Structures are given as C-alpha cells and as structure tokens.
Amino acid sequence: MERTERVEPRIPPMTARSNWGGYARGMAVEILFILFIIGAGVVLAFVAAELWL
Amino acid sequence: MIVRPRRDDHLVIGKYTGKVLVGVGLLMVVPFVTSLVFAEWDTAVDFLISMMACFMFGFGAQAMCRTTKELGWTHGLVVASGSWIWATLIGCLPLYLSGHEGSYLDAMFDVMSGYTTTGLYLLQDLDHISHGLNMWRHVLTYAGGQGIVVIALTFLFKGTAGAYSVYVGEGRDERLLPNVVHTARAIWLVSIAYLGAGTLALWVSALLLGQEPVRAFLHSLWVFMGAWSTGGFAPQSYNTMWYHSLPHELITSIIFIAGSFNFALHWAVWTGRRREIVRNVETVSFAVTLTLFVLVATFWLAKAGVYPDAMALFRKAFYQLASGHTTTGFSTIYSRAFVTQWGTAGLLAVTAVMGIGASACSTGGGIKGIRVGMIFKSLVAEVRRMVAPRSAVIRESYHHLRENWLEDDAVKSALMVTVLYVFMYSVAGLLGTFFGYDLPSALFEGVSAGSNTGLSCGLTSPSMPDALKCFYIVFMWLGRLEFMSVFALLGYGISIARGR
Chain A
306 MERTERVEPR IPPMTARSNW GGYARGMAVE ILFILFIIGA GVVLAFVAAE
356 LWL
Chain P
22 MIVRPRRDDH LVIGKYTGKV LVGVGLLMVV PFVTSLVFAE WDTAVDFLIS
72 MMACFMFGFG AQAMCRTTKE LGWTHGLVVA SGSWIWATLI GCLPLYLSGH
122 EGSYLDAMFD VMSGYTTTGL YLLQDLDHIS HGLNMWRHVL TYAGGQGIVV
172 IALTFLFKGT AGAYSVYVGE GRDERLLPNV VHTARAIWLV SIAYLGAGTL
222 ALWVSALLLG QEPVRAFLHS LWVFMGAWST GGFAPQSYNT MWYHSLPHEL
272 ITSIIFIAGS FNFALHWAVW TGRRREIVRN VETVSFAVTL TLFVLVATFW
322 LAKAGVYPDA MALFRKAFYQ LASGHTTTGF STIYSRAFVT QWGTAGLLAV
372 TAVMGIGASA CSTGGGIKGI RVGMIFKSLV AEVRRMVAPR SAVIRESYHH
422 LRENWLEDDA VKSALMVTVL YVFMYSVAGL LGTFFGYDLP SALFEGVSAG
472 SNTGLSCGLT SPSMPDALKC FYIVFMWLGR LEFMSVFALL GYGISIARGR
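Going down the list, the protein sequences come from chains A and P.
When you read off a place in the first sequence, starting at 1, and then add 305, the result is the number in the working numbering.
When you read off a place in the second sequence, starting at 1, and then add 21, the result is the number in the working numbering.
There may be inaccurate statements among the hints.
[Claimed, not checked] Pair by pair, the computed Cβ-Cβ distance ranges are:
#1 A:G344 <-> P:I213: 25 to 31 Å
#2 P:G231 <-> A:R330: 17 to 23 Å
#3 P:S447 <-> A:G327: 43 to 49 Å
#4 A:G326 <-> P:V299: 20 to 26 Å
#5 A:R330 <-> P:G120: 47 to 53 Å
#6 A:E355 <-> P:A366: 18 to 24 Å
#7 P:G514 <-> A:E355: 55 to 61 Å
[As the list claims (entries may be wrong)] Derived coverage of chain A by chain P (criterion: at least 3 residues anywhere in the stretch with Cβ under 8 Å from a Cβ of chain P; other residues may be distant):
#8 328-336
#9 343-349
Hints listed in this document are in silico derivations from the structure and should not be mistaken for laboratory results.
Source: prediction; values computed, not measured.
By construction, the Cβ of each residue, glycine as well, lies at the ideal position given by its N, Cα and C atoms.
Extracted from the complex, chain A is given alone in its bound form (with noise of 0.2 Å):
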C-alpha cells in the first residue's frame, strides 16, 4: 500500500501582506532566547568566581 507523507514545508510561504506584528513577536522571541543564553554565563562567572575567587 502507498503511504504519503505529509511535509512541512522548507520555506515559509510568502504572504502578499507583511504581518509587523508577528514580525515583532518573533524578534521579542530572539531577544529572549539570547538573554536566555546570557544569563547562563551570568551563572557560569557565579559559580567560578564562588569556587576560587
């Protein structure tokens, strides 16, 4: 029996509209994820400095 397969696709379509808003979101989600990334050398340079300063 054939099975298909549903794929997501690659790109995403393009839309005849710019949607500003959910580009902003999506900006504000990167903001946070780098923060994110960030917080986690706060943490690091914690416990470094707890350990032998």
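Add chain P to chain A, keeping to what the hints say.
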C-alpha cells in the same frame, strides 16, 4: 572541469561585475552625504573621486560587455568572488585618499576586512577621523554582512535565473523565499528592523552615558552596524571598552548574537515558527559550544585571579567569548591582555570559538554551527552503529527549519569545508610563526582573520610585514566566501590559461 570560457562568458561576467561596482559607488552616497552634512569638504571630495571611479569602471564594464547571454552557475560564482576583489580595489580609495592609511595595501586590508565583516584594521589615528570616513567603514561592514551581492540582487539584478548562483557564491545557500531576489529583500527587512531597534536602544544608552545627541546617534548607528554585521569595527580605537558601560555591553551582545543567527532562522521565527529557535541545530550548537568555552575561560580566569569579582569576570569572559564565537570582534579588554592576562588556556578558548564561528547564511564567518552540529550528530550515529546489532538500521537526523535526515553527502560536504577551514587556520598560524610571532598569538590572529572575527592580540598593526597583510587579505576573502566560489574563480582562470 570548467569548459574553456568563450567571449560570451567573459562578457556576462564583466557585465555583472560592473553592476556590483555601480552598487559600491551607490553605497558611497551615504558617507558622501554625511561628509556634506558635517562640512567635511576634503572627505566629501575623496568620496566624489571614489564614486566617479566606481561609476566609471562599473558603467564602463557594462558598456564594454554588452551581451544577451544569461548568467549561468559558473558565471555567478566567478562574479561573486571576483566582485569582492574589484570592490576592494576601488572601495579603498576614500580610505587611501584620507591620508590615514600607511599605504594602498593598508587601505585594501581595511576594506577587505570591512566587506568580510572581519574588523581587523590598519587605519591610523582612528579616534580622529572624519564622520564621513567612519560612516564609510561602518557602511562597508554593514553592507558586507548582508553581502555585496545581496545588495546587487536586491536593486540591480532584477531576478535573473543565474542570480541564485551569485548568492550561493557569496557563501549563502538558504532561500528564505522561493525567489532569490525576494530572499535578498527579506534579509534586508530583518536587518533594517534590527537597525531601527538596535540603534534606538544604543542611542538611549549613549545619552544616559552623557554623550551629546548627534554624536550619540552616530556612535549608536556605527556600533549597531559593527555589531549586527558581526564586523567589529567601532568608532573608537578602544572599541567597546571606550564606553565602560554595562547596558552598552548588554545591548551590543544581543545585537551581535542576533546578527550571528541564520537569516532563514530569523525568517522562520518572524513568520510564526517560534519554537524553531530552541530546536534549530545551529542555535543549539551555538548555545552548547559557547557555554562550554565560557565555562573553560571563566574557571581558568577565576583560578588565575585575573579579575577581582564575579561581575568583572562575567563581563570580561562572556563578552570576549560571545564576541569571538559570533565572529564579531568587539572587545572590552586591551589587545595584548589576551596574551599577558588570559594566558594560553584563555587564548586557545577564544581561538576555538572564533574557529567554530557563527551560523550559516548569517553575517558571521567561521566553520559554522550547522557543520559542527552535523559532524557531532554523525559521530553519535557512528558510535550507535558500532554498538548496535549488525542488522540494526541507524539513522540520525538534525533539525534545521524541519527534520532532516543526516545523509552521507551532507556530512561529506560539512567535513570537507571544515577540513578546508582547519587547513587555512593552520596555514595562517604557521605563517605567523614564519614571520617571527609565537605560535599561540599567530594562531589566534590567523584564525581571527580566517574566521572573519577581528579580535586581535596585537599582531595586526601597520608595522606588520606586507606579505602577512596580503595573506590575511586572502584568508579574510576565502573565509567569507567559504572557498567554493574562490575555487571556481581559480578554475576559471586556469581553464583560460590551459585552453580547455
């Protein structure tokens, strides 16, 4: 094998290279207007001369190379790599004419460094150059981050079929949208949106530091351009250290980390696929390697007692490593501090993250997170294959915009480019030792040039040997274009010489 190029091939390459040169001339309008606004007449004349040169060569090439032939795959790659050389040769005119460069070679070094978003520079008396010249340095790096060809694609190429090959030739292979010109415009949309938000945040921070509004705006704009393009150029010779400001460091960190993300990832997140940011192999790879090397460096620096408290330790260690990993090149320490304070372990940690670099199809350079992720996954698959029963079928996948099976061809390609980068880094390090520098410093500086980072431990200066300047120019060029289009250019030249 490349078939011997015919007259038509030369014409189509000449025509499109001419278009890119016109694009470089149009870019000079920004610093030219800046010079006029600030009444810097000498600088304005320098830009006028340089713009004329760009238009003369650009329109001249198009007039001499009239052809109806469409841009093919090989042409695109040759145009991409060749354009960077021509754009450097002519784009350095304003810097050379300013009198702030020791030689034409030094000016070429700075312009190649700008285009390739490296950030190493030989310009003298940076703190006292004109606003126009500073604007040109940063426009160069901002434009270079998007790709000179992306600019040409956006405004000048009008969607020719071969445009995609020029785009790929510039070290990018992601189509954000089905049409490559729309892809180029989407890249601009992301960049300009961040330009607005980032410049505003930096401007507020600069005002709070006490800078007067106009100067604060110019600094904010330039610092944004240097950070977003992961270029590393800054308006002051002390780079980020000049500001001594935690908010400034935080904002620039956000900008350069965002700049190091794949444009396809930005587009996916911006168009509603928010979870992509925590699932994508490149962001995961970046988060893991950055955390690992921050761990090594912070523990080493804490043990060595270089910084007095945890906050100083975090600010110095994280900033240099994040800047190195994103191939930005901003720094908050003196160049020589990498050698005199950070020691061999610290120096090698920064060298390693610079070598790994940012994401593919971003403004950054280096081996790229996706390749590191794929090679790591491939290693895991091999180990699983070894321990699994012989009849077991082991397949590994990685997430980049969707789940992709780890195919042998993709791993082979990732390994090949990684080997080329490692080879280039090794040659760069060895060349540095040949010119009399110690190996860790030479490796650091060579990797910095080859990965388009721009952090310096003090080797790069106007007094360095001319031959080493030339090598670094080639490494910056090779690293930015990821070898293939440069090899295509070489193949093109060889096929002309050999006659087949």
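To see whether the hints hold, each was checked on the structure:
In this structure the supplied range 25 to 31 Å holds for G344 of chain A paired with I213 of chain P, their Cβ-Cβ distance being about 28 Å. Against the hinted window of 17 to 23 Å, the Cβ-Cβ separation of G231 of chain P and R330 of chain A comes to about 34 Å, which falls outside the hint. A hinted range of 43 to 49 Å holds for the C-beta pair S447 of chain P and G327 of chain A, which are about 45 Å apart. Remark: the range hint 20 to 26 Å for G326 of chain A to V299 of chain P is upheld by a beta-carbon distance near 22 Å.
As the Cβ distance of R330 of chain A to G120 of chain P is approximately 49 Å, the hint placing it in 47 to 53 Å holds. E355 of chain A and A366 of chain P have their C-beta atoms about 20 Å apart, which keeps the hinted 18 to 24 Å range intact. Between G514 of chain P and E355 of chain A the C-beta distance comes to about 59 Å, which sits within the given range of 55 to 61 Å. For the stretch 328-336 of chain A, the proposed coverage by chain P is satisfied: 7 residues have a C-beta within less than 8 Å of a C-beta in that chain, meeting the threshold of three.
Judged by the Cβ-Cβ criterion of 8 Å, the stretch 343-349 of chain A is covered by chain P as claimed, because 5 of its residues qualify and three suffice.
In terms of the numbered hints stated before, the structure departs from hint 2 and from no other.
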